[in-house]
Amino acid sequence: MIFAIVTVVGGLLTAIGSFLAWVTVQAPIFGSISVAGTEGDGKITLVLGILVLIIGVLRLIRPSIPALVQRLPIVLGIIAAALGIYVIIRLGSQIGQIEELPGASVSVGFGLIMTIVGAVVSVVGGIVVSSQRPTVPGGVAGLGPAGR
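Plus 4 on top of the position in the sequence shown (first one is 1) and you've got the working numbering.
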């Protein structure tokens, strides 16, 4: 159950991070400008985070969901993390151009880091949850206590 909660937290972090600043540009002429993830690729990570969140909640409510559904947070988390890393790489190639302006600087925003961390947490939670078997309490499914 704890790793289903971890999956939920991973989905939440991924989704919330999508709304926060992914990039901050500071320039003497313009001041400081932050760009939220949802103004670009964050729309994709938002959807992925929400899907992971839903799957985690389903696992909490109903431990015996299909194995394919239990493994989806792994795939969705990998996609979200890869997208976040891609944004950082793409940003790295553009930093040189922006920093040619006198006094300008570019930094990765907290939201992008939060999105990537949430995606990794989703993957970890998904791996552990998909490897666990739900336990059936005694007296359920026509069995007596202790499987008699």
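Hint data in this document are derived by calculation from the structure and do not stem from the laboratory. C-beta atoms are modelled at their ideal positions from N, C-alpha and C, and glycine is treated no differently. Each hint should be verified, as a subset may be incorrect.
[Unchecked claim] So the derived label-pair ranges between C-beta atoms look like this:
1. Ala86 to Met5: 26 to 34 Å
2. Met5 to Gln98: 42 to 50 Å
3. Ser36 to Arg75: 16 to 24 Å
4. Gly96 to Phe34: 28 to 36 Å
5. Pro70 to Phe114: 30 to 38 Å
6. Val132 to Ile58: 30 to 38 Å
7. Lys47 to Ile99: 33 to 41 Å
8. Gly107 to Ile82: 16 to 24 Å
9. Ile54 to Leu105: 22 to 30 Å
Hints versus structure:
At roughly 29 Å, the beta carbons of Ala86 and Met5 sit within the given window of 26 to 34 Å. Between Met5 and Gln98 the beta carbons are some 44 Å apart, a value that agrees with the proposed interval 42 to 50 Å. Between Ser36 and Arg75 the Cβ separation comes to about 41 Å, which falls outside the hinted range of 16 to 24 Å. Taking 28 to 36 Å as the suggested C-beta distance range, the pair Gly96 and Phe34 does not conform, at roughly 21 Å.
Under the hint 30 to 38 Å, the C-beta atoms of Pro70 and Phe114, about 36 Å apart, fit the expected range. Range check, Val132 to Ile58: Cβ separation about 18 Å, and the 30 to 38 Å hint is violated. For the hinted restraint 33 to 41 Å between Lys47 and Ile99, the CB-CB distance of approximately 23 Å leaves it violated. One distance hint, 16 to 24 Å for the beta-carbon pair Gly107 and Ile82, is violated here, with the actual separation near 38 Å.
At roughly 37 Å, the beta carbons of Ile54 and Leu105 sit outside the given window of 22 to 30 Å.
When held up to the earlier numbered hints, the structure conflicts with 3, 4, 6, 7, 8 and 9 and fits the remainder.
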